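A.B. asks: Order-wise, the sequence lines are chains A and B.
The UniProt record's numbering puts the first sequence at residues 1 to 503.
The UniProt record's numbering puts the second sequence at residues 1 to 360.
Do not rely on the hints blindly, as some may be mistaken.
Below 25 Å or equal to it, Euclidean Cα-Cα: the simulated PhoX-like pairs (lysine-lysine) are [stated by the list, open to error]:
1) B:LYS313 with B:LYS301
2) A:LYS443 with B:LYS3
3) A:LYS206 with A:LYS195
4) B:LYS266 with B:LYS328
5) B:LYS294 with B:LYS216
6) A:LYS443 with B:LYS2
Non-contacting residues of chain B with respect to chain A, defined by C-beta distances greater than 12 Å in every case (computed) [to be verified]:
7) ARG45
8) ASP110
9) GLY239
10) ASN249
11) SER308
12) ASP332
13) GLN348
Coverage of chain B stretches by chain A, computed from C-beta distances (three or more under 8 Å per stretch; other residues unrestricted) [to be verified]:
14) 21 to 29
15) 89 to 100
Calculated directly from the structure, the hints in this document are not laboratory data.
Because the structure is a prediction, the values reported are computed rather than measured.
A virtual CB, placed ideally from N, CA and C, is assigned to each residue, including glycine.
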Amino acid sequence: MWKWKRKEKQQPEKQQQTKKQNGSLSEFIQAMQQSEDFVHYKLSGSTRCTISYLKTMSDSKILNRSVLSILNSESLHTLHDMRERIPVENIRVTSKLELIEEKVMFGYIMVQIHEKDEEVLLVPAVSLESRDVGIPEVEFSVVGPKEAFVETLNTNINLIRKRLPLPQLTVKETNIGKVTKTRVAVVYIDGVANKDNVETVEQRLKGIEIDQLTDSSFVTQVIADNSNSPFPQLLDTERPDRVVSNLVEGKVAILVEGSPHALTCPTTVVEFFGASDDYFLPWHLATAFRLIRLFAVIFSVLSTPLYVAVLTYHHEMIPGALMATIVSSRSDIPFPPILEVIVLELTIELLREAGARLPTKIGQTIGIVGGIVIGTAAVDAGLTSNVLLIIVALSALASFTTPVYQIGNTIRLIRFPFIIGAQLWGLIGVSMCMVFFIGHLIKLQSIGRPFFEPLYPLRIKDLKDSFIRLPFNKQTERPVLTRSEDTQRMNPSRVNAKRDIDE
Amino acid sequence: MKKHWSLLIMVSVVFLAGCMADKSVEENAIVQIVGYDVGEEERIRGTVSIPQYGKSEDKQAASELYLTVDADSTKDVEVEIQKQSSKPISIGKLAVTLYSKELAEKGLDDNVDVLSRDPRLSRNMFLGVVDGSAKDLIESGYTQDETTSKHLQGLIENNTLHNFPSTSLHDFLYAYYAQGMDPFLPLLKKRESFVELSGLAFFKKGLLVAEVPDSKIFTFKMLKENFIKGMQDLPFEGGTLMLENIGSNVDYSLTGPLDDPKFTIKVKLKAEVNEMAGVDRKATPKLAKEMEEKFVEYFNKEADELISLFKEKKVDPLGLGNFTKTRKGNFDLTQWQDNYSELDVDVQFDVKIIEYGIFS
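In isolation and in its complexed conformation, chain B is listed as follows (with noise of 0.2 Å):
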């Protein structure tokens, strides 16, 4: 009898597997990039690009087919343009998602929800989020051979090792669940011809509430975690110095008690200087002394006004309560965001510059 039940249950398992819908990759519909806009009457604008793999002689031309649906919700985006699409729509290559700077000030609660918990998705997946709309952002093709998925994919992705720091949807769905800490998403803009990453959207929870420009974003990431190879240009002496970072290292210490606690921030950066237009000096160790203190005083500004910024909007995109949740025990989150604007941080700057390039 125990036979006749295992007998059955492999037979049945076996036949079963054929009620399994599969359809080999080319039947179906991969997406990968999708864009959110704000829609009509409430409704979410949805668009997504399908990559169009030519047969094998033009294999090189990548030509694509945008897709753009009114939805309810975002998960109706799915079922809309599944009415749109012959083939059977695949959402596991998923690489980009942008929303619309409108959408993301109005909140991305619902969204961020759909997106942690399909297992489907990528954790490796870039967010954006489109100063303009996203469905003319993804429907304006960039190059002749790349898919717009994979040219914004190599954008983000190429930023976060120079001047951007690392922003997926695992970094997003991490500081969006922690206490004490909040997202920060890259901000995209189309210009005439190309996209160009134009700075950092920083959110409230959901909620889209700051932006800083990109020429602050190499001080942010030198505050937010340690990097290598970023540039940013400084004013000196009615000239620019163009400064390469070739390690920086960042240190968190807190001091005082919860009720008033005391935030240091160092930073320790070794930096090359490779330009210097409009200085008519003499490069000398003089005149790099006089550059690095120029480089703590510009830095320094820079932090404060930075900070000041975060405060103002109650956004912590450091992670400072995370941090001193992790220190403290009687952490108490609502009274942490009641104190925040008089938080007391001090960034502490140290620039070594330590290569000047070839002189004689």
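Next comes chain A alone, as it looks inside the complex (with noise of 0.2 Å):
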């Protein structure tokens, strides 16, 4: 009964909107002066015109040396004239209403004969403020390259193209959002890139339907094969190499003009725990620190659960040496252990929170009032016992070590089911818990491509590259993952080949 009433009210402002569109160059004048930033005014140089603009978005250098001075220097009687004469690229004569506004409201300048004329010429005179490219903040390497995007996309293709001279490198574009018309780029190499996974990523930001993308994070969330997942199914990065070298491996990065980071997919889930200082450091250390950070992210998720089930229910579990100080430990705590690991872990959230929001200097602070207040005043007050403040430390710690912001905060929250898994029914619901998350990830996809990959399905080839990182004279192909057209990455008899010194 309510569906055809509130059709039929969508109808009139539907019709609005498109009259809108429709409407008079006179009428979009009219609309922009409103504005206060809006300069329209005619010329009674020796070119007799009328010039509008936003002050705020153009660039008063080109409109003062290159228009103005033409204009005012030489009687200049059609568009195309003036066009010749001005020596600014790229300048346009048309009169699609819909291309004049979208180039004005960035900051051409629109240049009429007349007032009256539809026909107009446009001057592109951006000026776009935009930070210098820094050192990455959240993906810090100690060694390698230290530059990070910024949020002006053009400096961001900039970056990857220095990295990538090749002609077959694509950047495709297109503006979403109802509102903020943002410009996102599809970048890939082609040739080495899957058609199907350009494609995929093409039609799925198409599909896009949203007022505003203010964020790169916003797409991760509206294109992921599942939106309910807590899983991350893009991989952001604000590292231009890392990017590159997902491109040459054969994905699709997506980039989002005022967002410093890049999308690459598709990705698997054991991506994410591999950071870019893996490729700089020898194969075996890289290895190594790699199986570290793997153990560090299970010890984050699973040691407070394996503490609340062992205490709580299996008591045989705890080593005799142990016995003596985790009961004694424990004796004075008026809590069962499910309540004193969730004061605690929540105390440690509650700290991360405070810490992610205050400025850099206070928030070291907090983390020394936290750290050391708190907790041994905890301890000291019998509210917490000192093995679960190691425990629930270290598996903080632990759970930094993620290179990827995403996946640390997906790793941060994924132990409370795991808790409640452990005091409900002991270890039976953490190995529940841990079947319904692995069941999770096994289903789960990134733009249509197994995102638990080298795993399941099971290939032994991408293995190479997962939890240990073979030398590069051993990755030869292109990841399975990728499907890439051109699987060779380079020729390994010439890789292996002998290089004797010179006699």
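Please dock the two separately framed chains into a single complex, following the hints provided.
C.D. replies: Take a look at the structure:
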């Protein structure tokens, strides 16, 4: 009953919208004149014309030096004459209202011969405020390149292109967002990236129906294969070198104007635990660090649930040597292990949230206050046992080892279902949660490619760069995951050829 | 409708979890050692020790609470002890179970059945037979900083790395249920202020039938399993030699038909002589040769004695019957047992002294 009423209401709105788009240029100018920063005036020098532009978006240098000086010194009567005379690249003559609106909003200068003319000249004079390219702060690495993406799309593409001087490097742009009309670029290497992957990404981007797109993480959430999953299904990175190496592997990158993060896909869960540092170190060291990181993640998720399960249900699992320590540290505590764990875990989460929201300098103080004062005070007051304090602190520390921030958040929250499972059913509960999460990971896809990939489906070839990283001469093929059109990275026989010193 | 059911199951699973008794470790009485004696009127007297862990300040001192009850059965001991304890009894951490010799001579079959079927119990648990009363052995604290269970556990575990053969619940049950194999357990004896392993007790099923003193255990272990790090003293020319085993290897072989089997047990021993007390001779290769011959003779004698003891008591701790069963298809246990006392077992020792220490 209500549905048709709603439909009726929507229809006139739609008509209004279309009307707006079909309105005339003078209506657009009228609408714009409501804003103080829109400049619209008649030029009465040697060339008679009307100039309009947004002074906050346009570069006054181009206007004064290139446009006004020509128009004032020469007598030009048609737009085409002006286009030839004005020394600015990419000047257009058009009467398409849609294009005019879009360009003027970006900072183009609009020139009309008469105020009522529908045909205009558009001079690009865009001035964009942007930050300088800085060092990566989220994915910092000690060695290796220290450039990070910034909020300007052009700069970001520049950072990628200068590392990949290839004609095949393709950049495709679309505008997404009903209100924000944000520029989104899809970057891939033609002939290396799988066509299906590129098409899937483009198709999904086209299908996005959203009013605003202020960051790349919006795209991650909207085009994810399963938006209800806690796991991010697109890898976001602020390092151009990481994006480039992903592109070379045959992946597709998505860049969003206004976001200092690039997204790459398809990705796997293992990739989230690989840092770019891994490629800058000798392979055995990198492998060891990766395994440490993997262990840290498992420890971070499972240590407190195991504490709860073992102390509540499985006393026989406590090693004999630890028995005295655990029992005597627990004997003062008035809470059962589950409450003790939840209180401490929440404290750590509070510290993290507080630390993340505060400016860096105060953030450090929070860490000290939280870590030392609250921790020791809680133990002294007999609210938590010191064994648990160590475990919780270690698991918090371990969760920081994930090189990608997004998965760090997932790891941070995922342990709570485990803790509840541990309290309800002991180790069985922990295993049930584990089964649930692994089942979920197995089902998960990243733009249609399996997310749990080198493990399920088991692809031995891709294990070479997952939990371990073999040396570069063993990695002569692109990952199977990307289904690259050119599977060979380099010629294995030439890689392994013996290079003797010339005699 | 289907959704309704799954929701109902989920909710009930969550809420029913509240009915589960969940007591944290410190709220449980964790029994780590239990001893069984013969009680009055055909009952069993069970003794447990429950470690009392202090608050965080004095966690070093280990005090224990000893509880003794008379019960009708092994499981009843747990019930009776519960009546005396303020905390629920948790037996998952049980590390040592002791039986008095008196009880073992009456048979442990009922008890072994309970041990073998309780999933909470560890298969690494040690069993032992006490020469005397298990209650007394448990109740006299030995060291200040260790609980009795930890002390006895360490005692048995440490000795299985040396002269004693390994005897865990797993080994015991394996031998107990295997055909043609009989279990054995360490024999403990309480002295004035300490406990010592005084020998091995051999069982016929659950019944204690024979014992050997600790001086013969070295030989038994050589016959039973490969091992290193044992020590044995031997008489030699009026003095004593101390021999250290640095690797012994045992090999069984079976020849002849099933009705007249012939066993050959070959033991190769590499040894080091590290003490000669009362032997006034210079260490030379010739002396080593003499020693080797003497040792072979000595071990042969010891082994023959052991095997004739086994034959006499009709126990088979070496598992010769089990060995035959795995080699011969038509193995018949009753026939084997009838013929066991006439079994032909030939033990051949090969001793090599490969070290004498430093001498000039």
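A.B. asks: If a hint holds in the structure, say so; if it does not, say that too.
C.D. replies: The hints, checked one at a time:
no.: 1; hint: B:LYS313 with B:LYS301; verdict: holds (18 Å)
no.: 2; hint: A:LYS443 with B:LYS3; verdict: holds (21 Å)
no.: 3; hint: A:LYS206 with A:LYS195; verdict: holds (16 Å)
no.: 4; hint: B:LYS266 with B:LYS328; verdict: holds (20 Å)
no.: 5; hint: B:LYS294 with B:LYS216; verdict: holds (17 Å)
no.: 6; hint: A:LYS443 with B:LYS2; verdict: holds (23 Å)
no.: 7; hint: ARG45; verdict: holds (25 Å)
no.: 8; hint: ASP110; verdict: holds (23 Å)
no.: 9; hint: GLY239; verdict: holds (43 Å)
no.: 10; hint: ASN249; verdict: holds (33 Å)
no.: 11; hint: SER308; verdict: holds (41 Å)
no.: 12; hint: ASP332; verdict: holds (41 Å)
no.: 13; hint: GLN348; verdict: holds (42 Å)
no.: 14; hint: 21 to 29; verdict: holds (count 6)
no.: 15; hint: 89 to 100; verdict: holds (count 4)
This entry satisfies every hint, going by the numbered hints stated previously.
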